[in-house]
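Spelled out, the chains give:
2 protein chains.
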Amino acid sequence: MHVVIVGGGFAGLAAAQQLRKADLRVTLIDRSNHHLFQPLLYQVATAGLAPSDIAEPIRAILRRQANVSVRMGEVIGVDVDGRRVHLAGGEEVAYDRLVVAAGAETSWFGHDEWQPFAPGLKTVADALDIRHRILTAFERAEWCDDPEERERLMTFAVIGGGATGAELAGAIVEIAMVTVRRDFRRVKTDRARVVLVEGGPDVLATFPAPLPGKARKQLEDLGVEVMVDTFVTGVDATGVQLGEQRLDAATVLWAAGVRGVDLGGRLGGEVDRGGRVSVAADLSLEHSPDVFVVGDLARFVHQTGDPLPGLAPVAQAMGRHAAKNIVADLRGDARAPFVYRDKGSMATIGRSKGIALTGPFKLSGFVAWVAWALIHLFFLVNFRNRVLVFVKWAIAWFTFERASRLIWKLDPSGKRER
Amino acid sequence: MHVVIVGGGFAGLAAAQQLRKADLRVTLIDRSNHHLFQPLLYQVATAGLAPSDIAEPIRAILRRQANVSVRMGEVIGVDVDGRRVHLAGGEEVAYDRLVVAAGAETSWFGHDEWQPFAPGLKTVADALDIRHRILTAFERAEWCDDPEERERLMTFAVIGGGATGAELAGAIVEIAMVTVRRDFRRVKTDRARVVLVEGGPDVLATFPAPLPGKARKQLEDLGVEVMVDTFVTGVDATGVQLGEQRLDAATVLWAAGVRGVDLGGRLGGEVDRGGRVSVAADLSLEHSPDVFVVGDLARFVHQTGDPLPGLAPVAQAMGRHAAKNIVADLRGDARAPFVYRDKGSMATIGRSKGIALTGPFKLSGFVAWVAWALIHLFFLVNFRNRVLVFVKWAIAWFTFERASRLIWKLDPSGKRER
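Protein chains in written order, with the working numbering: chain G, 770 to 1187; chain Z, 770 to 1187.
Any given hint could be a false lead.
[To be verified] Pairs of lysine-lysine, DSS-like flavour, derived with a Cα cap of 30 Å:
(1) Z:LYS1131 x Z:LYS790
(2) G:LYS1112 x G:LYS1131
(3) Z:LYS790 x Z:LYS986
(4) Z:LYS1093 x Z:LYS1112
(5) G:LYS957 x Z:LYS957
(6) G:LYS790 x Z:LYS1112
[Stated by the list, open to error] With beta-carbon atoms standing in for the labels, derived distance ranges:
(7) Z:ALA863 x G:ASP915: 41 to 47 Å
(8) G:GLN884 x Z:VAL1108: 32 to 38 Å
(9) G:ALA857 x Z:GLU1013: 34 to 40 Å
(10) Z:PRO885 x G:GLN1014: 43 to 49 Å
(11) Z:ARG960 x G:ASP1111: 27 to 33 Å
(12) G:ASP915 x Z:ASP850: 53 to 59 Å
(13) G:ALA835 x Z:PHE1147: 25 to 31 Å
(14) Z:VAL1108 x G:LEU1143: 40 to 46 Å
Hints are computed from structural coordinates only; laboratory data are not their basis.
Source: prediction; values computed, not measured.
Using N, Cα and C, we set each Cβ at its ideal position, and we do this for glycine too.
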């Protein structure tokens, strides 16, 4: 039996690893060559970590698993009846069982024209683009003699008050207030404005009360301006339009939403407004039981009645479960329905605050941050020898230093940079 | 007195630091925001180190030096009579003394059309481009069913047998033979061909006999094919033309030469074939004693009759000397002529070989590598807290692992990557 897995994120990787002892062949296909530890991607965007600190070649992770081949390539379509996936470039790969774990991408809610002015944060390239914008804004402000333009350069707008938005806003405030403060001679970086714009009444609204209120307080204590019930009606080269109100900002970051990748719509199943593919109780498609959809691309309605959120632990659990059902097929056993045991969720705010929810426990402040740090330590260290990342973090935590404050761009024009 | 320094490489940074106690203002202007430890750039190109391991914001390095301002910007011209530099964007900066330390860039010897097929190695963007090409070649070879094309994908040509060429070739062989060997299932990466092409009769020809011969033997022992007396007559999308001979290679890297940046030609002084500006004994321009040229951009004829080579210690010594002569001007003292005390030179080959020359001592093999590693350790650790780099290296040395094997590209088209 040949199992093809599309995507080497948390869900796809978990599915591949769950199949390590199964008597079948696995091919894992991903557009990039690496697995990305996305929960820490905001640290790359804010110059705290280098991309290689949170990414690892998929082949290296699966090196010892002899039944897996890894293929770098882009899956552009699936022939569900003929049981083959189509790769960009024209090649096809046949499968007996398919696991689609292709994930989600940033959604500008129908306003793709905002993308150049307000990048999202899903890939390494996104993170480096954001880092470039943040660092360049300070450099330009330093030598800007027009007070209005300098204020615009020193204004950072983060759109979307979910975990990514709160993490970005907290990190940018820390950079401005502490990290680069003594590096600049003319501009007062600690007068930077960091504005977090949220359309709903609360930040981190997926958490139960009183956590959103506590998160908002922690953000404001750090120096973030939090605007709730505020909708973005336009983004352009100089700032953000918020209905009647104008926010001039040189750096605008988009953390307001994601949607399932286009491939989800090409599987023939039902797709919701967020681009997610509805899956049956066993995580396969109703009409094509050979095809499983897992991770952020899947819409699975939980026993509570809500669809499961796009979190790493959910993705891993789904990936493992799909793999188990494939092994059940191989053995002729019945497939089992997926049941998710909620392990909680958390968000970090700045360098030592946060909120966390686990079972009946609602944590906030330093305690939540410690829980967050320990759990990420555990996951990262588990994921090969990333102990160094934590040495780096420990140094950064005590010194307020950020190790990756580099401005450079790959130069597509072929013009040389010195 | 206002001193403007153009370039934050070894020469410019040394000049700025030498002026730390002088009673004058210094403005250091660089196109990028970081100082780059170029001697280790080949490690970024071969996935051993991350860019931030060998680069540091210039402002952070000079943070405590109150008389320096750092400005990110591109100097496009100098008005020597009016004593001002012109920045891209139209601004001007007036100076009393100018230190031009703008460095060198890759030279394709009049064949700029080869550049897209054979990138040089001078910037972080160059290094990431090369890393992308090397890693992608293995990925494509893994799934290539055409034996001829697979062989082409597994052929790596390095043009130029100087230190950079030898270092790149040695590192690529190590990647192919050891690092990625167990990661690939179909292609035998240890059958990769790494060809080092040198136009002269020797590799590392700037070293005295018997070192070039020993270097060649060490390269060949590692598995590098060394071709000497071989001129490149063409480079295209599929490989290299060597006179009558054809070398099909998917990855071609250019380490054959550099030339002073264009700015050198705009100072009004004498410029040699390599784009270097001839300087007087005090390192200033004959016709404009207010302007010093130092580092790779300067042509300074040594007491031995040869121009000084483009090495970090030479650049640092020149930068410091120009700064001392500026202080002499300030005090009304006479300027001193520059004298370079040769501290030797070295090149590393693979993970534990090399050659080194220091005074009467000619070292080769493991001893030379240890000398190389210790000296680079000393310099890097000196250059802020880069101890982590050496922890990383120590781990890599024992495990043969390379920590930065990431394939990604900034996407200029705006098309999203997952």
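Hint by hint, here is what the structure shows:
no., hint, result
1, Z:LYS1131 x Z:LYS790, "39 Å, violated"
2, G:LYS1112 x G:LYS1131, "13 Å, holds"
3, Z:LYS790 x Z:LYS986, "49 Å, violated"
4, Z:LYS1093 x Z:LYS1112, "20 Å, holds"
5, G:LYS957 x Z:LYS957, "57 Å, violated"
6, G:LYS790 x Z:LYS1112, "58 Å, violated"
7, Z:ALA863 x G:ASP915: 41 to 47 Å, "20 Å, violated"
8, G:GLN884 x Z:VAL1108: 32 to 38 Å, "57 Å, violated"
9, G:ALA857 x Z:GLU1013: 34 to 40 Å, "38 Å, holds"
10, Z:PRO885 x G:GLN1014: 43 to 49 Å, "47 Å, holds"
11, Z:ARG960 x G:ASP1111: 27 to 33 Å, "50 Å, violated"
12, G:ASP915 x Z:ASP850: 53 to 59 Å, "30 Å, violated"
13, G:ALA835 x Z:PHE1147: 25 to 31 Å, "44 Å, violated"
14, Z:VAL1108 x G:LEU1143: 40 to 46 Å, "58 Å, violated"
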